[in-house]
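Construct the complete structure from the given sequences, taking the supplied hints into account.
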Amino acid sequence: MRWLSFLLFMGLMTSGAKANEFGDAKLGAKVYEQCVACHQIGKGATDTVGPALNGVFGRQVGSVKGYAYSDGLVRLGKNGMTWTFDALDAYIANPRALVSQTRMGFAGLADEKARANLLAYLRQFSASPANIPEAPPTGTAHTPKLSPEILALKGDRAFGEYLASECVTCHQATGKSTGGVPPIVGWPAKQFVLAMHAYKQKLRPNPVMQMMASRLADEEIAALAAYFAAP
Amino acid sequence: MSFNRRLFLELAVGSSAALAAPLVMGKAKPRVVVIGGGAGGATAARYIAKDSKGAIDVTLVEPSRMYYSCFFSNLVLGGVRTMNSIAHSYGKLASAYGINVVHDWAVGIDRDTKTVTLASGHKLSYDRLILSPGIDFVDGAVAGWDVTKQNKMPHAYKAGSQTELLKAQIEAMPKGGVFAMVAPPNPYRCPPGPYERVSMVAHLLKQKNPTAKIIVADPKANFSKEALFREAWSKHYPRMVEWIGPDFGGGKVAVDVDAMTISLDGQATKVDVCNVIPAMKAGRICELAGVNEGNWAPVSGHTMQSRKDKNVYVLGDATNQGDMPKSGFSANSQAKVAAMSVRAELTGSRMFPAKFSNTCWSMVATDDGIKVGASYEATDEKIKSVGGFISKTGESAELRKATFNESLGWYDGIVADIFG
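Going down the list, the sequences are from chains H and P.
The numbering used here puts the first residue of the first sequence at 111, with every later residue one more than the last.
The numbering used here puts the first residue of the second sequence at 10, with every later residue one more than the last.
In short, the hints are calculated from the structure, not lab data.
One or more of the hints may lead you astray.
[Unchecked claim] No more than 25 Å apart at the CA atoms, straight line, and that leaves these computed lysine-lysine pairs for PhoX-like: (1) 393(P) with 310(H); (2) 410(P) with 312(H); (3) 188(H) with 175(H); (4) 286(H) with 410(P); (5) 393(P) with 312(H).
[Stated by the list, open to error] Cβ-to-Cβ under 7 Å is the rule here; a few derived chain P residues that face chain H: (6) 153; (7) 357; (8) 361; (9) 366; (10) 395; (11) 426.
A quick note: this is a predicted structure, and the numbers were derived from the prediction, not measured.
Glycine included, every Cβ here is placed at the ideal spot set by N, Cα and C.
Pasting the structure below:
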């Protein structure tokens, strides 16, 4: 009882924009669907557009080896910041408010409950602070099956530049992102190809993107990927 | 190291070739004149200047010093956006892309001598001309209305002072007053535009004047995203909107600006605000250039070249191209195909098959957005739709909010794509 009232007290003390720490991991798995376009988590998760999220709790910010972070995240990490519950909560609530130059193209999640559920879900994949065994992979829900030939296609960059002129009507050429349109500049080519084929196969839901992808040939997707990887 | 004769020859050949390339054209630098600095013209000017890297001289003729986007101007009426947020200057096109931005009216085009005459009397020569003038109104389209009456009964279908005027009139409506809209016949700029406007006016009235009424007189039996708009009106603004189609006189409209009445089939009704959106035609410069057939300028879908003159391109609302709706998104999409074709012709750059796309988002209430879109390809006859989508009735609030947020991202994206 004392323990519970202590928690309630702490909850009141830290109320406001903060999520309740005791979210529902099952509901969080549903919230996490917003993240899977860029992040993988669970067994076999690798860095894609964003870094893999296994072990993120307690990890130094911007410290996954081989992942190219924005300068802002690297700087915060070097200054000693780690991903605590509170830091992750604030970051997910409004990424740019915490790290103004972050490349994470996520507008933020204002709903405290949803954040709490998401964090409860993410926490299952971190040894720290809670020692919970890793669960099966979930980050590949929208990954299409592609033949090695399609994945091996070398894109024609100049063609990609022309085709890209259709994309930049919504996705800004500078990589800046506002509203519900994510940035696509600087994506690794392989992830770009997978994402576009996922739209083409209607594994990803957005109808605008399904339409745009539906009439792109494999070579055209490869060309776009080559261009956006290094415009 | 001794003098390397072969290297010298290569250098000499290389540099003379570089010098000779523009001379092939017979003059120092090929010139492109773009008339109209909206979603079509400004995009074309920017892409030609950007991608030719200074090899083409680009002049943009646009009378307004500030561009107010028609897209999102309905959101200004609804009190969701400010005028400032839809205002864009031409400064960056000049400073970052070297475009010669001339704030003047084009008043004449001589296609034989390839010259454009400006209202100031100056003449501009061109190798390629791009016309992107948007729309003008058909004279006599609505009995009792012409542009001299737009102060009393605004069209607000070219954004700017007209938008502000209409907003002021709506805000000054008496309690329980009547807002009337005369909707345009097909084809016209922004098919969902009048109905998004009804939604946004209703949104404003619901907060400030909840007993007010909206009547829409429409010459069309059905309209863009009709089921979605009707769903939104009955859900968010019950009993506020009355739509009168052609079966009930919506097509036989007359207005009286002094009496402030609107007559349907001869029956006059007193109204407090009357938004007249008349039938449209290509911006007048197309007529002066002699590139129209009827009210619009026919173009080739492969390049956006006028069917009358290969040295003239026409973009956006002013064109008759096929299946694409008249929208800022379409104009922006067409501009990139035209820019590619102009560069290919003047500098020999690569030409790819034309691809076009369009999506129209409409805001129907707070955090409630709907969309319709399609992609297009060029055939010899026209620009042809090759598939599209539309929002569904009964979608979740979450999805509608995501759609609205997407429209916010699109707005910033397309503005950056148009003005740099």
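Comparing the hints with the structure gives:
1. 393(P) with 310(H): holds, 20 Å
2. 410(P) with 312(H): Holds, at roughly 21 Å.
3. 188(H) with 175(H): Judged against 25 Å, a Cα distance of about 14 Å means the pair holds.
4. 286(H) with 410(P): With a Cα-Cα distance of about 21 Å, the restraint between residue 286(H) and residue 410(P) holds, given a limit of 25 Å.
5. 393(P) with 312(H): Satisfied, since the Cα-Cα distance of roughly 23 Å is no more than 25 Å.
6. 153: violated, 40 Å
7. 357: Violated. Min distance 14 Å.
8. 361: holds, 5 Å
9. 366: The hint holds - residue 366(P) has a Cβ within 7 Å of chain H, the shortest such distance being about 6 Å.
10. 395: holds, 6 Å
11. 426: holds, 5 Å
In this structure, the hints that do not hold are numbers 6, 7, in rising order.
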